[in-house]
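Following the hints, position chain B against chain A.
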Amino acid sequence: MADKWKQVSELLGEIMDEQLATADESVSEANKYDLNQIEDAKERENVKMKISSMNNIHKRVLSSIANKDSKQLNELLKEAQNNLKV
Amino acid sequence: MSNISKNTESQYILNGAVRNAPVEWQDVVITAEYDNNDMQPKVSTDSFVFNLQARQDINQWISNGLTGGVGIFEGMNLDLRLYNQDNVQKIFEALIDFTNDYKNFPDDGETTVSLKDRDGLDNFFEQLTGTTYGYLEEIGVFTQNDYITIPYVVEKKFNLFEILMSSIVLYLMVKELAVSVRNTADGISSVVALFSIPLGGQIGAAIRVVAITLINLIYTAILLLAIIDMSITLFNTLIQPKREHKGLKLKTALEKVANHFGYDFVAPISEYNNVYFLPSNQNADEKAFLGFISVTRGTSTGIPNLLDYGYLTEDMFKLGQDLPYAKMGIFGNTIHLRPQNDPFWLQQSQWVAPDVLIKTDEYNTDELKATLLLTFITDLNDEWTIDDYFGTSVEVRTAPITVINPKSVLIKGLNETRFPVTLGNRKNDLNAIERLLKSVGIFIDTVTGAFGGGSNFAGQVESKIGVLKVSSNWHSIPKLLWLNEDGTMPTNHRTLWNTDVLYEKYHKEKSFVRDNWHGQKVVYNDVIIPFGLEDFLILLSNPYFNYKGQQAKMKKFDWTYGKDEAKISFFVRNPYTYNLREFKIIPH
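Going down the list, the sequences are from chains A and B. If you use this note's numbering, the first sequence corresponds to residues 76 to 161, in order. If you use this note's numbering, the second sequence corresponds to residues 616 to 1203, in order.
Calculated directly from the structure, the hints in this document are not laboratory data. Hints are supplied without guarantee of correctness; some may be wrong.
[What the hints assert, rightly or not] Below are the DSS-like pairs computed for lysine-lysine, each with C-alpha atoms no more than 27 Å apart in a straight line:
1. K857/B - K143/A
2. K107/A - K153/A
3. K134/A - K123/A
4. K81/A - K857/B
5. K1182/B - K1168/B
6. K1027/B - K1168/B
[Stated by the list, open to error] Short, incomplete list of chain A residues facing chain B, as computed with Cβ under 10 Å:
7. G88
8. Y108
9. S139
10. K143
Glycine residues also receive a C-beta, built at the ideal position from the N, C-alpha and C atoms.
So that you can see chain A by itself, here it is in the shape it has in the complex (with noise of 0.2 Å):
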């Protein structure tokens, strides 16, 4: 039972870490695109927008982590699923 009960935590854990990851780096990759390159000023204000609500949405998502906050994270998957969208 011990076993188990230690493989899964650290399967968890291991998803967990891959999660942070992949998020830092998605989010790190997204900051580094040259928005000039859109000829279109409404749609480059948009993208604009949306990666400046992505950054505020991981920062606030890394502090409700690190608070173990519950209810800021349910708040804040309402808060990406509506203001993400493109």
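Below, chain B alone, put in the same frame as chain A:
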């Protein structure tokens, strides 16, 4: 024997003033009895009859109780000063005890009073009588600073229900985990679907990936936090918390009482540096919603409870003496509590008995019982005191080696010393539930690590090892525990503190077999000898003396000081049979 025993003149000093001698003082007898092998005697006298100025002073002392004086409930000093032609003098410092045999005869112009030794042990025990630890704590003699924190756990002897319950809850938890994982996957799929509308260019794809990874991360975090919460609830519900009692070092319990009554205290008994008194616990835990324990309640103070043996200070001193078969003596301003086999008592021996004709020899055959039993008691509210019985009692059987007719054997009877407290039990290892929940604890700690760590649930389980273990929170009999300074119990606590140790170190003194037939004594009763004040003063402090080159111990003497003679009873340790052997039984 000194010169002072001859041609003695006397003076009576009442509260500092020399007064007339009592009527017929020549016939007054002072009796000293060393009951139960005491080291200092209980001293009693015939009543003294005073007249004239002495009588007036005594009655004035009582009357002063109405005009601002201390009155009848404080004894009046009476010093008996004896001296001789060599100008050697001794003073017996006594106290008039108005509460015992005081009578006034106005028509005869006489008043009778009785005396007691001002600094005698008897006087100390009379002060103890009726003085409780509750009172002493109330007036600040005992404070929280005197108490030690004793960590403990409640662990039922049989916990099948808890094992069953934890198994069911664990099953439900794992099931819930599986459902949550599936829901997460569904949730993520739905969100991904929202982003399936293609956005032109590379940036659109990048933002879509970011959105998916962020939502994945949030889902995973929510799921893990829910699992952690659920695990913590399970853990706190099924794992008994580590609790705390307050206890009091036995030596401190005795010493502070002695100090309160104006004495210093010496008790060189090695066990008393580690043995602590834990009162019974009558406090109930506070329960939250659904009956979960919200606040644990151990003893809040180290002094005995009202219903505990030892609540009366006199009882605690009796226990303090009974455990190491000790006796007490007062020397100067210091109370000594020492085992009877402490060489201290012999070193103090100064008196030499005169060589007089002794008409009868007797033997202490009445002191040998077939069975000697030393026993702590058990507590039905703490099953571990019954389960782990080793050392709780020891039985020593004495029997003849050679027997002609078994029906004619004269050794019979029981000598039982019962200590009305229980021994403690140490939590040595984890039980089945704890082993199971330790896995849950490791799980929580590991998963919490993904959130920055901080929990140590596995450590909480392990930290219970080494503390006191009881089967319910309401142990009803106080305990005497051998503790480390941090309140935990050493692994060998039971080998350090048990009845066999007490027998081998102290109570063996009673044995008629061990240590060269130590318990066998030849007794001499009612021997008339010349006796004076100095003899009396020496024997008040110590009953051991030298009799014809052998060590002897006084049992009783009646001193008629007006005649310079006493009737003494004493014994000398001399074997009178080798046809004995001992068997020791230590129940487990």
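Results of checking the hints against the structure:
no., hint, in the structure
1, K857/B - K143/A, "26 Å, holds"
2, K107/A - K153/A, "26 Å, holds"
3, K134/A - K123/A, "17 Å, holds"
4, K81/A - K857/B, "25 Å, holds"
5, K1182/B - K1168/B, "14 Å, holds"
6, K1027/B - K1168/B, "26 Å, holds"
7, G88, "5 Å, holds"
8, Y108, "5 Å, holds"
9, S139, "7 Å, holds"
10, K143, "5 Å, holds"
In this structure, none of the earlier numbered hints is contradicted; all agree with it.
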